[in-house]
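Asker: Next come the chains, spelled out residue by residue.
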Amino acid sequence: MGKRDRRPSAQTVAVLRALAAEPARWRYGYDLCTELGLQAGSMYPILMRLAGRGLLETGWETERVPGRPPRHLYRLSSAGIAYAEAIPSGVEAAPVRRSRPQLGGA
Amino acid sequence: MVILLFVVVAGALLTVAGVRRRGTDLPERIVAAAVTWLPADRRGWGEALVAELAAVPGRGRRWRFAAGVLRITLFPPAARPGSAQVTASVAALVTAAATVTAIIVLPTMSVFVAVLGLLVTGCATAVASRWQGFPVAPASLAAGALAVGGVLGVVGAVLSVAVAHPAATRDPTHLYAIALALLLCGYLIGGLAAGSRGGPDGVGATADRAARVGLWGAIAGAGLSVVVSAVVLPLGAVSGLVPPIMAGAALLTAVVVAGLTRSRAAGARAGLLVAVLGAPVEFAVAVIGQERGSLVLTNAYDMAAYPRSGFPDVASYLLSDALGGNIVSLAVTPVFMYAFAALGAAVAARSPGWSRTSARRRPGRTPR
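The listed protein sequences derive, respectively, from chains B and H.
Counting from 6, one number per residue, gives the positions in the first sequence under my numbering.
Counting from 462, one number per residue, gives the positions in the second sequence under my numbering.
Hints are computed from structural coordinates only; laboratory data are not their basis.
Here a beta-carbon is modelled for each residue, glycine too, at the ideal position from N, C-alpha and C.
Careful, some of the hints might be misleading.
Unchecked claim - Computed, partial: chain H to chain B, Cβ under 7 angstroms: (1) A509; (2) A512; (3) E513; (4) A515; (5) A516; (6) V517; (7) W524; (8) G529; (9) R532; (10) I533; (11) Y762; (12) A776.
Bound-form chain B, shown alone:
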């Protein structure tokens, strides 16, 4: 990532590892919040930064669900997968405070 590459925060590492666990699967932002116990105010800036660095692919739900608008979806790009794999296993991720069954995932 060059000179601007910085050591990811523990929360960012947690998000990267959660996404890397099933790299092909599209995830909802709020599901990641509940899975990792992060508030939206922490999660979305992380997603914004990862997307800005090309580590995250984003898209919109194509399947219509009555009563609500299409949701935004996220998964690691190939660069993101490589980046996540390059994080040494010794680097600590933010502790997962709460784990919930997935409410859905595209």
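Following the hints, complete the assembly by docking chain H onto the known chain B.
Answerer: Frame of chain B; chain H shown alone:
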């Protein structure tokens, strides 16, 4: 504290901004309004946040999600990583130095300086997080200059009084000091947010003409109000003239903007913005005018109350009273100005003469 203040300002703006959709709960309305204040390069994320909230169950979770969105709106990931941290560190150091200086030199101002410094540190950090670099739209620059200039004017006026008449700024409960700091930060946020809302042109990615006209109208109205006050007050007029001058400017601005845009909401917003941009400068002009004016007891009430007031001199007694009155005025001015502006805008937007003229000039526009 800045986030709390932002929530209060955002809540007030919610009603002003006309985000009134039926079938939506308050978190949804907050999120819908908040994402419109995201920087232009984050606008797509705003849509994602609105859509995500629709899938968040439970009142508590929805409120927490809305609070998170407010945090993102206020402190989005900075375009230049590290700039927000540097700004926050520098501002915190300046605040600490200013507070220590105030404790030593002007003890009556120490609480005010400390609280205002902390709040401004938060505001500066938010600005650094949202800063997208130059060029800045002229309207944003003018609104920002008025907002910052007004706050500096108030601080300068209050410090001037504190230096010359320390007893006038004595505030054992610290109530007025904290209130003034909170109010100034609110005005600063309001002024800066008004100029930064929307897309790269500073007023709306979809060329929101009503917002652009409203912002320029408010800048002109606030400028007019300040200039008239600055000319009138040194002529010996009483500071009681300030509210009517501002009310006139707000009303005029609201009528003109509502007439030009045929939007009642745009007119009312512009009138309110006149108060947001103009009131702090008016405060400074009024206080300096009073300080340099004739500080003698002129009415029976003051003549009777002064000996029991505990103030060491008449000037301190009168200036303390003037500061308190101006702080209260700073708190209530936007409410009254908005009422004036809404009334004027409602009349102007419905005026057939305005509508016909506007319709001829802009055949493609539809009234709101």
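Asker: Sort out which numbered hints this structure fails and list those numbers smallest first.
Answerer: 7, 11 and 12
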